Amino acid sequence: MSALLRMEIGKLGRLASVRFGAVVLIVFPLLWAYAPGIFDVYGFFLVSGFQVPALALLSSMEFLLPLLIAITCAELIGMEINHGTLPTVLLRPVTRAQWLLAKLLVASAYPFLALAFFLLTSLAAGAFFGFGPFVGGTGLGRQGLLGAGTMMPVDAWREVVLAYLMAAYSLVPIGLLAVLFAVILMNAAGGALATLATLIVMQLLIVFPAVTPYLLTTQLSAYVQPASPLGWVVALIAVYCAAFAAAAVIVFERKDF
Amino acid sequence: MQAAIETKALTKRYGTRPIIRDLTFAVHPGEVYALVGPNGAGKTTVIRLVSGLAFPSSGTVRMLGQDPHETPSVRRRLGAVVEAPAAFYPYLTGRSNLLLHARLAGGVATSRVREVLDQVELGHAADRKVGVYSLGMRQRLGVAAALLTRPEVLILDEPASGMDPLSLHLVHRVLRDAAASGTAVLLSTHHLDEVVAYCSHVGILEEGVLIDEVDLRDRGARVRVLVDDVQNARLTLAAQPWVREVFVRGRDVVFTLEKPAAIDRVAGCLATAGVALRELGDDSFDLRSYYRERVEAQRARRTLDDEIPGASA
Chain G
7 MSALLRMEIG KLGRLASVRF GAVVLIVFPL LWAYAPGIFD VYGFFLVSGF
57 QVPALALLSS MEFLLPLLIA ITCAELIGME INHGTLPTVL LRPVTRAQWL
107 LAKLLVASAY PFLALAFFLL TSLAAGAFFG FGPFVGGTGL GRQGLLGAGT
157 MMPVDAWREV VLAYLMAAYS LVPIGLLAVL FAVILMNAAG GALATLATLI
207 VMQLLIVFPA VTPYLLTTQL SAYVQPASPL GWVVALIAVY CAAFAAAAVI
257 VFERKDF
Chain P
224 MQAAIETKAL TKRYGTRPII RDLTFAVHPG EVYALVGPNG AGKTTVIRLV
274 SGLAFPSSGT VRMLGQDPHE TPSVRRRLGA VVEAPAAFYP YLTGRSNLLL
324 HARLAGGVAT SRVREVLDQV ELGHAADRKV GVYSLGMRQR LGVAAALLTR
374 PEVLILDEPA SGMDPLSLHL VHRVLRDAAA SGTAVLLSTH HLDEVVAYCS
424 HVGILEEGVL IDEVDLRDRG ARVRVLVDDV QNARLTLAAQ PWVREVFVRG
474 RDVVFTLEKP AAIDRVAGCL ATAGVALREL GDDSFDLRSY YRERVEAQRA
524 RRTLDDEIPG ASA
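Sequence lines, in order, name chains G and P. Position 173 (the first sequence) corresponds to 179 in the numbering used here; numbering is contiguous. Position 250 (the second sequence) corresponds to 473 in the numbering used here; numbering is contiguous.
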């Protein structure tokens, strides 16, 4: 299993979507850090390097990051189909479940890797503003960007890192859903599109208030404003992850190649 | 002897459409079994069912006595190439791809990678990325990957696809050697002429049905005579204890000798019976013609059945 996992992690860096995503995650924070019209549009000035990660995350969690995660995780399966290597691997004495489990673990790790990289590029983009005490907020705490007086760097670090961790965690089920759809459709593009379509439908379901707290899309804003107690949100996301992973394994176990 | 590969009443349907119907055959250690048939006959499906990549709709598959789905560990004893051309990660070198296979298989020494690369004459290209390999080179790398674990069962889908004559000869030699060392080889191919040279059995598939199996092992002892009186010659030869399987083919009488040395007795025996012998020689089996006859006959039978149900029976 460890050989399999090492192999799958090695493949991650070869994916076109990972390389493309890295470029996007470098450029995106720069747009915020150096946008000349930010005051005209949003009515505030950036005063700290800690605010760039917040703006980058706030503006990308709704669509950009789910898109990048879905495409990459679907491509984890799609690349094997494109290269024709899926049967080759399955002919070795690894079980189908082991192989898919390795893929699912990589798909689960990818949002954390991507957001760690995004945090680094955002901090680098905001370095111009410095990371000392500042008047205002990071944008990721209860007080938003305006804050409540002077914010100390240690508090800012805590808010930013926790928010990025929570955001990454809430993106994990999206990656696993993309793997599930890619396994069903045996196609990377189809897997990513089906995932995005599902998310769009879920976003529309907010017109049913009773189901809103349970929707996956509702949890995407938990990093800044959890709809329910945080423990409940964490558990709900774990349930989504388990359900998508189990469904992917069940489908994959009975698939003809 | 236990069969290395055995299928019984193997059937595969996609929806209601049967792709493989009631397929029963066996490959024993040391045998090379070639599946031949027109495009769409179901050869690749059989290869995938037998190797455990696809699930049968009904019937059974046994590899070394075990179900490859229920006991995936049996694949430790399997070497297989089920894609034509053989599939590898194009961004890795030939050597790295094989090392990756070795890691997945477990227990394969690094020196074995070098050994199989040399065996298929790819040592010189081992450190080039597979993306720049020609079709024939990829196929040879596929054979090398299949041989990596010294398998007891080799399954190859179109191993000769895209190969030049020299590579073709090389792969045939490698497969023959593997069979000589006791490996059971199952392959699908369109190269009917080469099949006769190194396969022990041929199964002819048509529309998912195994319409004939030919045992090529005793073809070398088959003799053909051209005579003036065909029926007399047939009866005379059939009465000899050192002759078996006598039949008439056109103006020839074809028969199999119990022992090759008995060929010296043929002329004398026929002369005693008053049959004038004009020609005597080995009956080289023409698989291509035989295959065409069998496939066409099967198609004619099917057409007849379509028009008048049960007519061919």
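These are computed hints drawn from the structure, not numbers from a lab. Honestly, I wouldn't trust all of these hints.
Computed Cβ-Cβ distance ranges for the label pairs, DEER-style [stated by the list, open to error]:
no., chain 1, residue 1, chain 2, residue 2, range
1, G, 192, P, 358, 42 to 50 angstroms
2, G, 7, P, 440, 39 to 47 angstroms
3, P, 299, G, 161, 32 to 40 angstroms
4, G, 12, P, 337, 19 to 27 angstroms
5, P, 440, G, 192, 40 to 48 angstroms
6, G, 7, P, 472, 53 to 61 angstroms
7, P, 337, G, 104, 25 to 33 angstroms
8, G, 192, P, 262, 35 to 43 angstroms
9, G, 260, P, 313, 53 to 61 angstroms
10, G, 211, P, 358, 47 to 55 angstroms
11, P, 354, G, 7, 27 to 35 angstroms
12, P, 479, G, 7, 51 to 59 angstroms
All values derive from a computational prediction rather than experimental measurement. The C-beta atom is built at its ideal place from N, Cα and C for all residues, glycine as well.
Okay, the hints, checked on the actual structure:
no., hint, in the structure
1, G:192 / P:358: 42 to 50 angstroms, "violated (24 angstroms)"
2, G:7 / P:440: 39 to 47 angstroms, "holds (44 angstroms)"
3, P:299 / G:161: 32 to 40 angstroms, "violated (57 angstroms)"
4, G:12 / P:337: 19 to 27 angstroms, "holds (22 angstroms)"
5, P:440 / G:192: 40 to 48 angstroms, "holds (41 angstroms)"
6, G:7 / P:472: 53 to 61 angstroms, "holds (60 angstroms)"
7, P:337 / G:104: 25 to 33 angstroms, "holds (28 angstroms)"
8, G:192 / P:262: 35 to 43 angstroms, "violated (23 angstroms)"
9, G:260 / P:313: 53 to 61 angstroms, "violated (29 angstroms)"
10, G:211 / P:358: 47 to 55 angstroms, "holds (51 angstroms)"
11, P:354 / G:7: 27 to 35 angstroms, "holds (29 angstroms)"
12, P:479 / G:7: 51 to 59 angstroms, "holds (55 angstroms)"
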